[in-house]
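Taken in order, these protein sequences are the chains called A, B, C and D.
Quick note: the first sequence, position 63, residue 63 per our numbering, numbers continuous.
Quick note: the second sequence, position 284, residue 284 per our numbering, numbers continuous.
Quick note: the third sequence, position 113, residue 113 per our numbering, numbers continuous.
Quick note: the fourth sequence, position 224, residue 224 per our numbering, numbers continuous.
What the hints contain is simulated information worked out from the structure, not anything from laboratory work.
Even for Gly, the Cβ is constructed at its ideal location relative to N, Cα and C.
Please note that a few of the clues may not be correct.
Straight-line Cα separation of at most 25 Å, PhoX-like style, residue types lysine-lysine; simulated pairs [claimed, not checked]:
| hint | chain 1 | residue 1 | chain 2 | residue 2 |
| --- | --- | --- | --- | --- |
| 1 | D | LYS122 | A | LYS130 |
| 2 | A | LYS130 | D | LYS155 |
| 3 | B | LYS68 | A | LYS139 |
| 4 | B | LYS130 | C | LYS155 |
| 5 | A | LYS288 | A | LYS44 |
| 6 | B | LYS276 | B | LYS257 |
| 7 | A | LYS44 | A | LYS154 |
| 8 | B | LYS130 | C | LYS122 |
| 9 | B | LYS68 | C | LYS122 |
| 10 | A | LYS139 | B | LYS16 |
| 11 | D | LYS18 | B | LYS3 |
| 12 | A | LYS154 | B | LYS154 |
| 13 | A | LYS154 | A | LYS3 |
| 14 | D | LYS122 | A | LYS68 |
| 15 | B | LYS288 | B | LYS44 |
| 16 | A | LYS3 | C | LYS18 |
| 17 | B | LYS154 | A | LYS139 |
| 18 | B | LYS68 | B | LYS16 |
| 19 | B | LYS139 | A | LYS130 |
| 20 | D | LYS122 | D | LYS149 |
| 21 | B | LYS288 | B | LYS276 |
Here are some chain B residues pointing at chain D (derived, C-beta under 10 Å) [stated by the list, open to error]:
| hint | residue |
| --- | --- |
| 22 | THR5 |
| 23 | GLN109 |
| 24 | PRO207 |
| 25 | ASN208 |
| 26 | ILE249 |
| 27 | PRO253 |
| 28 | TYR300 |
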Amino acid sequence: MTKLTTLQDAVARYVKDGDTVYAAGFTHMIPFAAGHEIIRQGRKDLTLARATPDLIYEMMVAAGCARKLIFSYVGNPGVGSLRIIREQLENGSLEWEEYSHFSMICRLQAGATGLPFMPMNQTAATDLEKANPQYRRVKDPYTGVEVVVVPPLKPDVAIVHVQRCDAEGNAQIWGIIGEQKEAAFAAEHVILTTEEIVDESVIRSDPNRTVIPAFIVDAVCHVPYASHPSYTQGYYDRDNAFYLEWDRITEDPARVKAYLDEWVYGVKDREAYWQKLPAETRERLQVKQRLAAPVDYGEY
Amino acid sequence: MTKLTTLQDAVARYVKDGDTVYAAGFTHMIPFAAGHEIIRQGRKDLTLARATPDLIYEMMVAAGCARKLIFSYVGNPGVGSLRIIREQLENGSLEWEEYSHFSMICRLQAGATGLPFMPMNQTAATDLEKANPQYRRVKDPYTGVEVVVVPPLKPDVAIVHVQRCDAEGNAQIWGIIGEQKEAAFAAEHVILTTEEIVDESVIRSDPNRTVIPAFIVDAVCHVPYASHPSYTQGYYDRDNAFYLEWDRITEDPARVKAYLDEWVYGVKDREAYWQKLPAETRERLQVKQRLAAPVDYGEY
Amino acid sequence: MEYTASELLIINAARLLKDGDTVFVGVGSPNLACNLAMRTHAPSLLMIYEAGVVGSRPSRLPLSIGDPTLVSGAAAVTSMYEIFSLYLQRGNVDVAFLGGAQIDRYGNINATVIGSDYQHPKVRMPGSGGSMEIAGWANRCYVMTPHQKRRFPEKCDFITSAGFLGGRQQRLATGARGGGTQCVVTDLGLLEPDENGELVLTALHTGSTLEQARENTGWPLRSAPDLKHTDPPTERELRILREELDPQGTYR
Amino acid sequence: MEYTASELLIINAARLLKDGDTVFVGVGSPNLACNLAMRTHAPSLLMIYEAGVVGSRPSRLPLSIGDPTLVSGAAAVTSMYEIFSLYLQRGNVDVAFLGGAQIDRYGNINATVIGSDYQHPKVRMPGSGGSMEIAGWANRCYVMTPHQKRRFPEKCDFITSAGFLGGRQQRLATGARGGGTQCVVTDLGLLEPDENGELVLTALHTGSTLEQARENTGWPLRSAPDLKHTDPPTERELRILREELDPQGTYR
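In isolation and in its complexed conformation, chain A is listed as follows (with noise of 0.2 Å):
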């Protein structure tokens, strides 16, 4: 069964006001473009969860979209700080919940996996601990050692970018994989967004490949370039330079709201915001081959 649709429907189908939204994926193939959708359509009172919220979830901050931040590192990555939500962490404007990068992802598995918690052995640094009371304790009932643990996250809504699927949702990712797959199965709800949709013989020539099953997802949508300024491994490459552009641009809020005047609430969708871009960008983001070799299954 086709699940094929526009991201502007599936995120006004599946993203509600104040529900909780996991949009994944570690530094590659974050998808920014329903990001941008969900601001254009003016949510609100959203939970934002994410490791590092990067700027996808600063930019939906900076739009008003969010009431909550959960996340285990809110930096941007390799440039510094993300100068917007650690104000509004500062000044209070902001809800957040914060752990570790393990205790977020154990969280997350904790959900995927259906179970009431999952444990972590202790780290001895306890001040996360204190602060944040979702971090309970339990005793090993075999050698009486504690075991912290953390509860299941189930967002309502999964955002996930992939490489390639197939119209029902079957979907195959490579290069780093984060936690798409965890979010994935955590969730309510499963949106895709993909660089193509490819007969289902592609996908089912090497289900190995398969990170996320069809069953589990509501929306396919086909939006090459999603994830830009961030990365789809094969397909283009990161935007370094943005990512150090958008720390200067974050220096002065005036320019944030040109920012998302032009490139987010300007433009109608991905397609548009591509197309947008300098062809010098484009150009610069282009990625030469470099081919897996090859594996045999097998006619049986």
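Put chains B, C and D on the given structure of chain A with help from the hints.
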């Protein structure tokens, strides 16, 4: 650093009398060659752990290698019972510890992830839990509901057969991936047998395909056809006829002894074993090619 | 048209499946039932195997649950840990088929030991495999079995897979998320749990009688007030089964 | 030969790595230190990134920890859950580099908030990321930082990543498997924990003095009885760093 060695040397070095051994692979890529080599070297008092003991452990039990079995399904898959093991369990001559598949795999998962236990939701069935004191319970600190837990399984040695790996032991698997990764990470030592040794450039062309990283591997043994009568996806078929034949062989202890004499003690190594198989058998197990669609990682 | 007891079981089991169901499939008869349903009323059935294979399209009858034909052309392959956690424990499995040597009054299943002493069994069977968790967490569990007294004791010697334990409330109290045994298909008819979880005869196959069913059941079998009769296997069902799915008649 | 403070840090950090070490690498200076070690005395260093990449061979300097150049040509890619559990928690990581705004007397690190009230921070920093677990479970943790008083308080405002807490015994009592902070490399010298886990000055770089180090440390810094001097950066180290690893001088 190359870890290439013969299977004889790997077994001599890493499998000791009294060890707990996990020969991995769920139906697929069961490392029969290593099992036969362990028999030939006359190991004793082994604790043999596998979700499905399958024919490999039945042969090892018949040859007197085992003191104890840890398992979750002690049948000949699709055929019936494992007669020798069944008899020894019935007459008490073999120790055992029994799980469900999931709790067996959770023991490996705990071992592999370095946790003191893994939680599982209750299944309503408690007879096995009562029969095996390794099962315990822990109270969910969020809801008060009890979960069932199992302790880590950390085999002394895991044996894993793979389609291809480099000389260091970076190994790639496709088809049914069962519990190979978990067994390898849980174990103290890892022996790989492989259909093909490839240049590291082949492995590194597709890093997402790598299931076992070299740094946890101790020995790499180039052993084509190592999994017969099990199979290697894309390389040769499962010898279902032999699985049925084994059911007849085990009706008579004399035939079992004759089988071991001829096919295990009577051959030097796997190459001799494979060449000794009738040409019709080898022909019947051949597989036509069915390649996976290419993927592009990009040159960055 | 003539048909065997085995065909009768498979065809009636196939009819229990709904289009769009996600099914945890075993080999043998359940595999045939699923493939028959896919080729008749349930084209978008999703078949999952505990070996970690999702959306198989086997081109031959697999002997084992881990056959390579289940993999080539499948939609996804994942690890055993994930198939049992992300798929089953998470609540993504609608239907599963279970089997065992004993099925008791409350739909509990024994596939472990015959005899009351686990440590010294009269007969040692293969054990749980995936079925303990499947019975706990799948929404609907079905059993296909010949209708024989020794297979239907009042109480299982060992509960490998939970039905309703000693009654529906007992199962509910454990918090196990699945729906428990929803139907036992035999060569005489269909048994389904009543409001208390007790298996009662709800339908008879053509030519079978309530008396036969009672004689071959180890507890005082009750019949549903509206005892039905199943439709006999159709020509189309038999043709697909014989010509397309099991041309060698392995499961006749 | 002349060199910058940053080069001095990187070169001294590289020398702490042993051949065959499995290193959890961060971007920036630690990345350069690891690559320098690989090209000098530790050719079989294994680099792991928290993004899930194992055995990277980056052909350019990555800006972020999730750069595609870390993936193309790597030995393995796995999920974040697995990199933190199978690799780190299991005890497979020898070395990690950590950073933060504050490192205190017992090697604890703060990368979360400045100020005593977590809920109302004076300065909000990025937070733990992977470092809480890395500090807990890696065998040896290293820190590279300029030697400034505000960076070396007596006690961190918030412990993001554990060193020895209030002393070595306190850490041991938690059962955390890793070895804790083993060396802090500054532009003045090396600090290492004594038998009680307190950081003491164990080596000075050429041209630095104990007095300088004391003036720039927030607690009464002791020096080791056998205070050493580090060897100055060699021509070869500087050449590899400048010509091969950072030709654009990003990390000068």
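The hints, checked one at a time:
1. LYS122(D) / LYS130(A): holds, 19 Å
2. LYS130(A) / LYS155(D): holds, 17 Å
3. LYS68(B) / LYS139(A): violated, 30 Å
4. LYS130(B) / LYS155(C): Holds. LYS130(B) to LYS155(C) sits at ~17 Å (cutoff 25 Å).
5. LYS288(A) / LYS44(A): violated, 41 Å
6. LYS276(B) / LYS257(B): With a Cα-Cα distance of about 18 Å, the restraint between LYS276(B) and LYS257(B) holds, given a limit of 25 Å.
7. LYS44(A) / LYS154(A): Holds, at roughly 19 Å.
8. LYS130(B) / LYS122(C): Holds - the C-alpha atoms of LYS122(C) and LYS130(B) are around 19 Å apart, at most 25 Å.
9. LYS68(B) / LYS122(C): Answer holds: LYS68(B) to LYS122(C) is near 20 Å, not above 25 Å.
10. LYS139(A) / LYS16(B): violated, 34 Å
11. LYS18(D) / LYS3(B): Distance ~20 Å between LYS18(D) and LYS3(B) Cα, so the pair holds.
12. LYS154(A) / LYS154(B): violated, 32 Å
13. LYS154(A) / LYS3(A): Holds. LYS154(A) to LYS3(A) sits at ~22 Å (cutoff 25 Å).
14. LYS122(D) / LYS68(A): holds, 20 Å
15. LYS288(B) / LYS44(B): Given that 25 Å is the threshold and the Cα spacing comes to 41 Å, the pair is violated.
16. LYS3(A) / LYS18(C): Distance ~20 Å between LYS3(A) and LYS18(C) Cα, so the pair holds.
17. LYS154(B) / LYS139(A): At roughly 21 Å apart (the allowed maximum being 25 Å), LYS139(A) and LYS154(B) satisfy the hint.
18. LYS68(B) / LYS16(B): holds, 15 Å
19. LYS139(B) / LYS130(A): Holds - the C-alpha atoms of LYS130(A) and LYS139(B) are around 21 Å apart, at most 25 Å.
20. LYS122(D) / LYS149(D): holds, 18 Å
21. LYS288(B) / LYS276(B): Answer holds: LYS288(B) to LYS276(B) is near 23 Å, not above 25 Å.
22. THR5: Check failed: Cβ of THR5(B) comes no nearer than 18 Å to chain D, outside 10 Å.
23. GLN109: Given a least distance of 9 Å, the restraint on GLN109(B) holds.
24. PRO207: Where the cut-off is 10 Å and the nearest Cβ of chain D is about 4 Å from PRO207(B), the hint holds.
25. ASN208: holds, 5 Å
26. ILE249: At 39 Å from the nearest chain D Cβ, ILE249(B) fails the 10 Å test, so the hint is violated.
27. PRO253: Constraint on PRO253(B) not satisfied, violated at 43 Å.
28. TYR300: Since the shortest Cβ distance to chain D is 4 Å, the answer is holds.
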